[in-house]
Structures are given as structure tokens and as C-alpha cells.
Amino acid sequence: MKIATWNVNSLRARADRVEDWLRRTDVDVLAIQETKCKDENFPWELFENNDYEVAHFGFSQWNGVAIASRVGLEAVERTFAAQPAFGKGGKDPAQEARAIGATCGGVRIWSLYVPNGRGLQDEHMPYKLEWLRQLQENATGWLADEPTAQIALMGDWNIAPLDEDVWDIDFFVENEMTHVSAPERAAFNAFVEAGFADVVRPHTPGPGVYTYWDYTQLRFPKKEGMRIDFTLASPALAERVETAWIDREERKGKGASDHAPVVVELR
DNA sequence: ATGGTCGCGAGGCGA
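According to my numbering, the first sequence is numbered sequentially starting from 1.
Treat the hints with care, as some may be off.
Each pair of labels, with its calculated beta carbon distance range [as the list claims (entries may be wrong)]:
1. D16 x V209: 33 to 41 Å
2. D168 x G106: 39 to 47 Å
3. G206 x K252: 14 to 22 Å
4. D168 x T140: 30 to 38 Å
5. D26 x P147: 19 to 27 Å
Heads up, simulated PhoX-like pairs for lysine-lysine below, C-alpha to C-alpha not over 20 Å straight-line [stated by the list, open to error]:
6. K222 x K252
7. K254 x K223
8. K252 x K223
9. K254 x K222
If you are wondering where the hints come from, they were derived from the structure by calculation, not from laboratory data. From a predicted model like this one, the values you see are computed outputs, not experimental measurements. Glycine included, C-beta positions come from ideal geometry on N, C-alpha and C.
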């Protein structure tokens, strides 16, 4: 079985690319982030025509997550328990479409779009950290309930856990940029401490290995990217990982997402 | 690649 995660940065704008990629890559499950649409604008036929079932969670032009599967799609959950809401500038906090779960071929898949944080002093940062804390609390509970559960926490984590996961750590620190701060890294590492392993890094060692390249500043041709898209696997699932790879080719050319797909192959 | 981002949706926000 082959499972993948991809922040497509608008599914409608990327529909042809996504279809070509699915046919070429032949994955069984794809966790999608940033569909950037509501159900009525979702390209359902793209998946139907290629024999995938799909579940979507999106209700505006912002965020939006989905799971496509051709090995079953059961027990779909939209949001995790106690998922924090966000309200900018004192507005009433609203739930956001950042998490969808489904069981596919015996694996509990979560497609996750972790809040960006926006700035170290921005009100979006405590939201990001609390969002991660609540997710980690849930994930710890899932493992406690069923230690042999096969769980994949897949998506855009908006965190670079290691210095080598950004193209110039000094640049990030000097400019007080997000994604590399101690609290963000601690939030990520809490999942690892809870028993979830990054199953992609061992097969794609750095430095200089990334999953995201900003559209601006010629970041991609200059090989200035960030590794922020991860699959964290429960122990029982991690045991099944045969190999993993980042499809950097998909970042090339006109009409590419700013994120590359990340694929995990299971025994 | 001597230039300088996208997408959504129709102005400005988010990344």
C-alpha cells in the first residue's frame, strides 16, 4: 500500500496536475491540504473518474482538507476532539477546516493543515501551539486505547524540526521567523515522544532536502526550501514502512503547488 | 531566470 500527503494550494487550480500525479504515482491514499474550496466547488469527478473515494472538509476559500482513497474510506471525522477555534482581533472564534480523519485499508489516516503561526508575536502563534497540543493529546489517547493501532498523522505541519530543514537557519533566526522557534519544535517533538515517528526522514536524509519552496525570491531554482510536510506514524505503522520519498519533480514548471507531494510505501 | 508569487474573488488577506 502506498500513502501520500500533499498541500496542493488550491485543488481547483491544481486539478489537472493532481489527476496526472495520481495516475503517474499510483497511490492508494492521498491526504490533501489547502483545497481552498467548499463542497459545492470541490472537483468530485476528478476522484470518481480515477476510482478514488473522497471525503472533504472545507467551507470557504481558506484551508480545506480531504482524503482520497481506493482502499476504503470509513469512519470519517471532521475536526479532532476539542480542536481549538480561531478568531482574529477579538472576533468570535470560529472552527477551521484543518483536520479530517478516515480509516483506509486498516490505517487511520489524518490529513492535517497545522495553523501557520504568522509571526512569533502574532495571536495566530498561541493558536498554533494550542492546536498542536490538543491534537497531540488526542493522538496520545488513540495509542493508549489501542497500542497496535496503525495511525498516520500526515500533512503540512508548518514546523521545521531541525536547523537543516530550512535553507539558512541564521536567516530565520535573525529575522525572527516562525517554523523554527523552540515552542514550535517542542510541540512537534511531543508527538515523537508520544510514540509517533517521522517515517520519511530516514529515507530522505538532509541537509538540503525540502518539501516546500516559497513562490517568491526564486526559492525553488535556488534550492532554498523548507521541510515542513511530514508523516508521523504510530509504532505498528512505522514497522510497515518500506520506503518513502519526496516528489520534488512535481514542484517544477508552471502551475505547480509550492509544496511537493510526500509518499510513504508500506509492506 | 538581470526578474521578483500565487489563489481567491473582486479588495485585500493568507501563505
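Checklist line | Pairwise hint evaluation, K223 against K254, where the allowed Cα distance is 20 Å at most | finding: Holds. K254 to K223 sits at ~17 Å (cutoff 20 Å).
Next item on the list: Would you mind confirming whether the straight-line C-alpha gap from K222 to K252 stays at or under 20 Å?
Entry: holds, 12 Å
Margin query: Is 39 to 47 Å respected by the C-beta to C-beta distance linking D168 and G106?
Written below: At 42 Å between Cβs, range holds.
Notebook entry, point to check: Are D26 and P147 spaced within 19 to 27 Å by their CB atoms?
Noted result: Given range 19 to 27 Å: violated, Cβ gap about 32 Å.
Next item on the list: Evaluate the given range 14 to 22 Å for the C-beta pair formed by G206 and K252.
Entry: holds, 20 Å
Next item on the list: For the range 33 to 41 Å, tell me whether the beta carbons of D16 and V209 fit it or not.
Entry: violated, 27 Å
Check: When you check the alpha-carbon spacing of K252 and K223, does it fall within 20 Å?
Finding: Within the cut-off at roughly 12 Å; holds.
Notebook entry, point to check: If you draw a straight line from the CA of K254 to the CA of K222, is it 20 Å or shorter?
Noted result: holds, 16 Å
Next item on the list: Hint says 30 to 38 Å; check whether the CB-CB distance for D168 and T140 agrees.
Entry: holds, 34 Å
Of the numbered hints stated above, those contradicted by the structure are hints 1 and 5, listed in ascending order.
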